[in-house]
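Residue numbers (this note's numbering), protein chains in the order written: chain A, 1 to 335; chain B, 1 to 335; chain C, 1 to 215; chain D, 1 to 215.
Since the hints were derived computationally from the structure, they do not count as laboratory data. Do not take every clue at face value.
[What the hints assert, rightly or not] Some, not all, of what chain C presents toward chain B, calculated at C-beta under 10 Å:
(1) Glu21
(2) Lys67
(3) Ala109
(4) Gly178
[Unchecked claim] List time: in silico EDC-like cross-link candidates among lysine to aspartate or glutamate, alpha-carbon distance up to 20 Å:
(5) Lys142(B) - Asp17(C)
(6) Lys142(B) - Glu21(C)
(7) Lys4(B) - Asp239(A)
(8) Lys142(A) - Glu232(A)
(9) Lys230(B) - Asp248(B)
(10) Lys11(B) - Glu125(C)
(11) Lys11(A) - Glu204(A)
(12) Lys4(A) - Glu117(B)
(13) Lys4(B) - Glu247(A)
(14) Lys11(A) - Glu232(B)
(15) Lys230(A) - Glu211(B)
(16) Lys123(C) - Glu117(B)
(17) Lys67(D) - Glu125(D)
(18) Lys123(D) - Glu213(A)
The C-beta atom is built at its ideal place from N, Cα and C for all residues, glycine as well.
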Amino acid sequence: MPVKKIINDPKRVVDESAAGFGLAHADLVRVEMDPIYVVRADAPVAGKVGIVSGGGSGHEPLHAGYVGFGMLDAAVPGAVFTSPTPDPILAATKAVDGGAGVLHIVKNYTGDVLNFETAADLASADGITVRAVVTNDDVAVKDSLYTAGRRGVAGTVLVEKIAGAAAERGDSLDEVAEIAERVNANARSMGLALTPCIVPHAGEPSFVLAEDEIEIGIGIHGEPGRERIKLEPADRLVDRLIEPILEDLPYSEGDRTLLFVNGMGGTPLVELYLAYRRAAEVLEERGVVIARSLVGNYITSLEMQGMSLTLLKLDEEMIELWDAPVHTAALRWGR
Amino acid sequence: MPVKKIINDPKRVVDESAAGFGLAHADLVRVEMDPIYVVRADAPVAGKVGIVSGGGSGHEPLHAGYVGFGMLDAAVPGAVFTSPTPDPILAATKAVDGGAGVLHIVKNYTGDVLNFETAADLASADGITVRAVVTNDDVAVKDSLYTAGRRGVAGTVLVEKIAGAAAERGDSLDEVAEIAERVNANARSMGLALTPCIVPHAGEPSFVLAEDEIEIGIGIHGEPGRERIKLEPADRLVDRLIEPILEDLPYSEGDRTLLFVNGMGGTPLVELYLAYRRAAEVLEERGVVIARSLVGNYITSLEMQGMSLTLLKLDEEMIELWDAPVHTAALRWGR
Amino acid sequence: MGLDITWAVDWVRLSADVIAEHRIELITLDREIGDGDHGENMDRGFQAVLPKLDDLPAGSTPGDVLKLVATTLISTVGGAAGPLYGTAYLKGAVAAGSAASLDGPAIAAVLAAARDGIVLRGKAESGDKTMIDAWTPAVDAAEAAASNGSDAAAVLAAASDAAWAGAEATEPLVARKGRASYLGERSAGHRDPGAQSTALLLQAASDAASASAGA
Amino acid sequence: MGLDITWAVDWVRLSADVIAEHRIELITLDREIGDGDHGENMDRGFQAVLPKLDDLPAGSTPGDVLKLVATTLISTVGGAAGPLYGTAYLKGAVAAGSAASLDGPAIAAVLAAARDGIVLRGKAESGDKTMIDAWTPAVDAAEAAASNGSDAAAVLAAASDAAWAGAEATEPLVARKGRASYLGERSAGHRDPGAQSTALLLQAASDAASASAGA
Ligand SMILES: Nc1ncnc2c1ncn2[C@@H]1O[C@H](COP(=O)(O)OP(=O)(O)O)[C@@H](O)[C@H]1O
Ligand SMILES: Nc1ncnc2c1ncn2[C@@H]1O[C@H](COP(=O)(O)OP(=O)(O)O)[C@@H](O)[C@H]1O
Ligand SMILES: [Mg+2]
Ligand SMILES: [Mg+2]
Ligand SMILES: [Mg+2]
Ligand SMILES: [Mg+2]
């Protein structure tokens, strides 16, 4: 039985989709096919820090959807849920180097970290200054000696936007890396799934849930979460996500936050806004000020139904950089 | 067994989601709850034609996601897949009347047409000039004496954008209605579903498909399509959608089109861009110029997996209005 | 024996009960050839009418009750059924006028006016597989019974029986109006949900009349 | 009797076969406690090596083959397994040097270097439920066999057996590295996919050696 998706050959999904992306957004990006990466149409921008991110495919619009003015200079898509190899990362890094160095934004997974590391070593050998920021905002995973460390999840989108704005305004590599680290350090996320997703080449769901079961603490790769519970009303589910976030990074009254309700790909917007309502209520009760917000499917797990909540504790500079113009396929304002 | 969604009470889904939408986009819109509608924060805009659309919920971001500068002045959400009643349509019409009259953009379904008609009659009785444009771009339904006529589907988004830009630049009610009619007359759509959707109050899928079956010619209300076939490769599926579209409104070499690949809510972007690739290829073979494009989940059927293709034959004025700034929750550029 | 305000109020209460009871059935019928909301829509409407019955001023007529139902359905049901049934009750109310009691011919006139209202708004013809396919046989049967001298309760009983037969007879039809028409030939083999709700409502009218008569 | 270029090429071919054959099994293991791509990743990598074998210049050594595998895996596998196995083959190639033939102690040294490379990159310890839990017992067994004077084929046979036992022994473990560590306690009760692929690859090495010896 073929897997029920709008695809041709499972092995060609990433290539064909990237080709379509390039055609649809030819004004914004150029798509290189061998090795595969997506790069700003005007790259390299002389004197600007280049920003490269990437990782397994299946999280769209992350990362290609964020290539453009004010955000990423290049995105490197691996196979579905598989970190790209060093070759395309290196090629992308070279393509965006405008002489001011290149920042790698890497989600904290063993594969991503190792492959980006290798690419960075090779780029350095070619005389390009590379720094890496590793995102790890997922509070579902204990960051201890006994794990591979926290996963990088939805906070990555916020890091990419804010670091991208810093690079666009002319910050140095160290400055861009510093603000990226700062955003990551102030971002916390947690997700849940109502349904699994199906990796095209696997053809089977990533896990199996009974009709009344959900997974709490999932990542973005269709991997199971930490806990399986019975379905509960939306407000209770929101509480289950937001409580560990607020415990991990407490807020004082008057603190400002960016509230990000993210869909995992298959969740209707109507549900995301319904969840937003409750999250806003919880924050208001605690006197936290929602200074900015984002609601939608911005970092996904294929067709998975579910959501994640992210809070980013904002300072003045982050707000300014968040508001700065951005023009990418998936995030656009100010121009 | 409760239905597996991020909701509290099925009867409160639309209200709670609208409340969340209002909180998340307080800079753009105001949400009135009794009767329920979503209106531009700065409405009424004096001297500007007001534009109101609406219909059953479950198609998000349509319509509330398109309220804001350069598009709709108000959106009226009914219950899920159920046209709103005249009361909120009337209230929204009054709220956006800036003295230049109000355009109703109505998708061609018996319920929507009747309820908007009643509201328009009541508004006229209150001295507001109302015109209605009924969209009917779905080529899956034969427009004959033997049907309720073609359905209004994804072309509606394009009508709302372009008519909204015309109103924003100061066109009169007749002019705005004329361009809306023109867009509708030049738009053709066709959709397919891989999976059904589940209406919250119904709790059961809208139809049942075998693991290798898909529905061709679906609308946006989870209703079954005209034909059930075995799953095929994406390129063949795209051909099945685009051929009847091009048959219905033929293009000559050099004609310009807007290619709109729309997801039904649960389809990953990776599949939509993959479909875009093939659609672009078919158009190129025929010498049709893709002057503009749109790819994403813009008019949906809850969590349904599937897509629709829309072609809009463009003229100079439509392109200019398409490019004009728009600032809504779901569509934004130029500001 | 004519049917008065008690009957009219009973009819509404019975209607609300029977629609609530058959909510899932109507949803299922609509899911098969439509969008699966008919039962939910009708239930929302009739539940909204119930509390308003208590506010009817003393001396209200059957026509007042029909008007109350009309305005409530129009403002709460939505979809196609809201305006169609709303118009039906509105036109029925006009036909009922300010009479305190409706005899057989008056009831037949109310039903005919209701049906004509639906046709006016929805433009459906017999055989289009809509609620009209329950209404028109019901009106025909009611008019025949009334002209044979049947009393109001008997007129409603005849209408109810004919509506049921009409609803059943929609099963083989290919829809030409409403959402089911999008299905083309595939709409055959399913009963029209609006025809079914019409039969339920007319049976409620008849049951309310028998209860009045028995009381 | 030492193992030469024929063995090395056979090993790669057998590896590609056995990975292709067990692709779904590795995907399934990875789906249970990871993200379901391990079989696909490894298969993509080894299929990419195959055509390159034909381009090996005359006079190539086992070390050249290992280096070819290393660079190909690094540039085609991705994920965690790509860099980890890539480093393993790379360090193994360095240990093999330019020798035309590898005897028992040399094979043991290649395996030890490979294992050390994985530890260097991945920082896993024994018992973390990773491929290391197959590699380390294999290296220990290989070294023991070599110091007992076993020939290269026997060293690989010992390594293969120990790798299988090690892979099996990952089942009760709670993962502390890699994706499975996100599951915490729930990772127990499943075999680590990387340990399984290690056992498959070392068995292929041993099978290739027996074939060489038999030929
Ligand atoms: N043009 C029409 N004339 C008469 N009845 C109609 C017409 N269109 C639809 N109907 C009736 O309305 C019913 C559907 O109502 P409902 O499901 O509540 O509305 P919607 O179709 O908007 O979802 C159909 O079963 C049919 O009986
Ligand atoms: N830090 C590590 N050290 C050693 N082996 C590891 C480490 N992290 C992961 N692995 C191995 O990699 C395997 C997973 O590989 P694969 O599925 O291809 O990559 P990914 O986890 O990136 O999807 C695990 O089963 C485990 O054996
Ligand atoms: Mg992976
Ligand atoms: Mg409906
Ligand atoms: Mg319906
Ligand atoms: Mg994996």
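Indices of hints not satisfied (ascending): 1, 2, 3, 5, 6, 8, 9, 10, 12, 13, 15, 17 and 18
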